[in-house]
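If you read the protein sequences in the order shown, they are chains Z and Y. Heads up, the first sequence is in our numbering, so the first residue is 78 and it goes up one at a time. Heads up, the second sequence is in our numbering, so the first residue is 302 and it goes up one at a time.
Check the hints yourself; a few may be wrong.
Claimed, not checked - Below, in silico cross-link-like pairs of lysine-lysine (DSS-like), each with a Cα-Cα straight-line distance of 25 Å or less:
#1 Lys268/Z with Lys684/Y
#2 Lys240/Z with Lys460/Y
#3 Lys92/Z with Lys802/Y
#4 Lys460/Y with Lys448/Y
#5 Lys135/Z with Lys802/Y
#6 Lys121/Z with Lys791/Y
#7 Lys802/Y with Lys272/Z
#8 Lys696/Y with Lys85/Z
#9 Lys107/Z with Lys460/Y
#10 Lys121/Z with Lys696/Y
#11 Lys121/Z with Lys684/Y
#12 Lys121/Z with Lys802/Y
#13 Lys195/Z with Lys460/Y
#14 Lys158/Z with Lys195/Z
Derived by calculation from the structure, the hints in this document are not laboratory data.
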Amino acid sequence: MFGLGVLKGLGITFKHFIDTYIDDIRWLGKRYHTPEGIAHRMSKDARGIFTIQYPEEKLPVPEEFRYIPFLIYEEKENGEKFDRCTSCGICAKVCPPQCIWIVRTNDPVTGRPIPAPKEFYIDVDICMNCGLCAEYCPFDAIKMDHDYEIASYDRFKTNIFDKEKLSKPVSYYASIRPTNYAREEAARAQKEEAKAARKSVGGETTAS
Amino acid sequence: MSEEILTSEEFNLAARFPEMATPDNRPGYQGFLIEPEHLLEISRVLRDEQGYDYLSSVTAVDYFPIDIFEVVYHLYKTTGGPALVLKTQTNRTDPIVPSLVPLFPGADLQEREAWDLMGIRFSDHPDLRRILMWEGFAGHPLRKDWKEPYFEEDGKPFKSRWPEGNVIRAEDTTPLKDNVQYPQPFEPDTWTPEAETALYSGLSQSRLDNLSDLKTDQLVVNLGPQHPSTHGVFRMAAALDGETILALKPVMGYMHRNHEKIGERNTFLGNMPFTDRLDYVSSMSNNFGYALAVEKLMGVTPPERAEYIRVLMAELTRINSHLIAIGFLLNDLGAFFTPALYGLTERELILDIFEAVSGSRMMCNYFRFGGVARDLPDGTLQKIKDLAFERLPRKVEEFTTYLIDSEIVRARCEGVGILTAEQAIAFSAAGPILRASGVPYDIRRADPYSIYDRFEFDVVVGQNGDVYDRFLVRMEEITQSLRIIQQAAKDIPEGPIMSGKPQYQVRVPVGETYGRIEGPKGELGYYVISNGKPNPWRYHVRAPSFINLTGLETMCKGNKIADAVVILGSVDIVLGEVDR
């Protein structure tokens with residue numbers, strides 16, 4: 078019969094239409110603005126309305142999500158902060174759009190470079206969020222952030238991030254990327270252990 | 302590498318034409334060097350006698366400061382097998398090479414691109430105009446001695462960024478102060494584009510006899526650059542007789558950014574995120590092709606697990622891209638956004654997987670030379686399985702019921718925009734377009750790469766080569782991709798995901814390579830030449846969206862102007878890839 082295909086198609090749209098209401102009733106108002114509701118809408122069983130009502134609702138970002146790098150600093154017990162960054166320049170070299178530029182600190186007396194950056198800039202207008210800097214940093218000093226709400230009124234003034242704006246504590250990193258943090262810490266501990274073991278072995282041999 | 306050996310074993314061009322063709326013996330190179338004057342003759346023999354009927358890629362290389370331009374042709378058999386690479390050289394001062402358009406119409410847009418960007422003239426080309434740059438542009442930007450405004454260095458990394466940190470932001474010197482170069486003597490106020498006139502005069506020549514009794518006017522209509530049907534900034538200049546299309550020329554380049562020049566400035570690794578931005582709905586596939594090309598040069602192979610992850614991602618990308626293609630084809634047909642949104646719903650779930658794996662939904666930047674950037678996070682494989690075994694098959698079924706039998710879809714699609722098998726091959730059409738015309742050519746089968754030879758799947762072929770068949774082929778390809786994902790998700794082994802230590806400065810030996818994959822839109826090829834430096838010497842993208850447009854005029858001729866919108870939708874272009 079001519080028109081049967083169209084009717085069948087309309088049946089599908091009608092089913093979708095009904096599905097939304099069925100799901101709404103089943104969740105009794107909890108489908109929106111709750112983490113479970115959002116998780117359900119992101120799952121394989123989701124049907125009906127899919128949209129997230131941003132900014133009232135926000136999609137949770139996965140751990141690997143990457144948006145604009147930040148620098149990690151560690152805090153000692155006495156509250157002193159020190160950067161993990163040694164200004165080795167690998168991030169500046171690997172950055173595809175070359176949006177990172179670093180000024181190295183030089184020792185005022187000898188003029189030799191000190192492993193800490195004097196200045197560190199990222200032009201976030203140019204940054205393409207590729208994550209290569211974080212991937213290839215040998216000191217785990219630069220990582221990709223989860224904060225994607227960086228809109229501002231004047232990009233010429235605000236969109237070159239300096240060291241102060243980029244620096245975030247290591248605890249923040251641990252909170253946004255727990256698995257990565259745990260893995261890196263484990264690797265570091267293992268390295269330290271191996272180093273210590275090598276030292277003690279070396280010490281023994283020289284002693285004997 | 303197996304490819305070279307096979308090529309020379311299968312057909313030794315140098316033995317057949319001892320006077321005319323010599324094997325390319327430069328280290329790391331392959332194929333045959335021929336003199337320009339023999340090019341047509343040899344190509345004709347290759348096409349008619351040897352079955353190399355598919356001219357996949359035409360590109361040019363600048364060997365500055367040596368006085369050599371080289372034009373490189375990649376020929377394939379549509380029955381499958383590796384490439385036969387032809388090269389012809391000319392000088393830099395007055396570069397002329399005969400055009401291959403009389404033999405392979407698929408060379409049309411590619412030769413225009415080589416003229417535009419490299420400045421090589423192709424004699425007897427029917428319509429040698431600039432294609433990507435604007436008509437008043439000074440110079441040919443891909444030449445090695447052409448320098449852009451704000452030129453800093455020939456290759457990244459730029460030394461100014463470290464350790465001194467002296468950077469001049471282009472932002473501070475623009476907007477529109479001194480970043481525009483005009484050719485001499487050029488007056489912007491009085492200038493009229495010659496090529497625009499040429500475009501219109503080319504259209505007005507093609508008048509057909511008016512067969513109908515109706516009195517109709519002939520007129521030229523520009524669809525675009527701003528037109529909802531073009532999915533971006535793209536123009537179709539159509540000559541109409543009443544409503545019937547007499548001739549149609551695609552005009553592109555509005556989003557041109559000289560991706561290839563950028564790629565030649567980038568380090569090998571640094572170019573990976575740039576490939577994401579070609580066909581921005583299928584960035585994983587773009588990564589795949591580029592990684593394959595450079596890996597071929599480096600001689601590394603990824604470990605098992607990485608290969609499986611790659612296949613999973615590439616097939617998810619194909620589903621993703623086809624969902625968009627189908628959804629928006631229906632949009633072009635007038636089904637305002639309902640089918641498109643049904644497609645986008647499923648795509649959203651795929652993008653969630655990409656985001657969890659790579660950190661970004663669209664600009665994935667996930668592949669590395671010799672593996673992938675990171676392993677699948679916990680739970681991701683289960684998500685992929687959920688989609689591939691449960692949800693997507695159900696949804697494909699639903700889509701089929703929804704659309705395939707719809708009388709409106711059939712009335713608008715069947716018999717519209719026909720490309721016969723011969724035409725599709727001649728126009729170097731690729732991917733679903735080629736297969737919908739009845740040519741069972743799928744690189745995953747014809748010239749397998751990665752681990753595709755392990756999976757069971759069917760090459761989907763259409764019969765009529767019309768819009769409806771392209772739509773059906775894409776629907777069925779989603780099912781076949783699901784089959785591959787199901788197999789790969791079951792068999793994926795544990796293990797490392799990277800061969801060797803991840804390096805940010807890869808050492809790429811001297812040589813040339815062409816890595817190609819069956820992308821969602823067709824054959825996506827990367828032609829890369831390394832001279833041992835950190836940056837590629839030549840980096841060329843064989844963009845399927847771009848080359849599929851070569852046959853657009855043939856598809857549209859004789860159809861109504863309203864059908865041009867649908868035909869373009871069925872070609873499924875992404876402007877990021879067309880304009881590069």
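Right, here's what the structure says about each hint:
no. : hint                   : verdict
1   : Lys268/Z with Lys684/Y : 34 Å, violated
2   : Lys240/Z with Lys460/Y : 20 Å, holds
3   : Lys92/Z with Lys802/Y  : 52 Å, violated
4   : Lys460/Y with Lys448/Y : 18 Å, holds
5   : Lys135/Z with Lys802/Y : 37 Å, violated
6   : Lys121/Z with Lys791/Y : 19 Å, holds
7   : Lys802/Y with Lys272/Z : 21 Å, holds
8   : Lys696/Y with Lys85/Z  : 15 Å, holds
9   : Lys107/Z with Lys460/Y : 55 Å, violated
10  : Lys121/Z with Lys696/Y : 11 Å, holds
11  : Lys121/Z with Lys684/Y : 8 Å, holds
12  : Lys121/Z with Lys802/Y : 36 Å, violated
13  : Lys195/Z with Lys460/Y : 17 Å, holds
14  : Lys158/Z with Lys195/Z : 14 Å, holds
Hint violations for this structure: numbers 1, 3, 5, 9, 12, all remaining hints satisfied.
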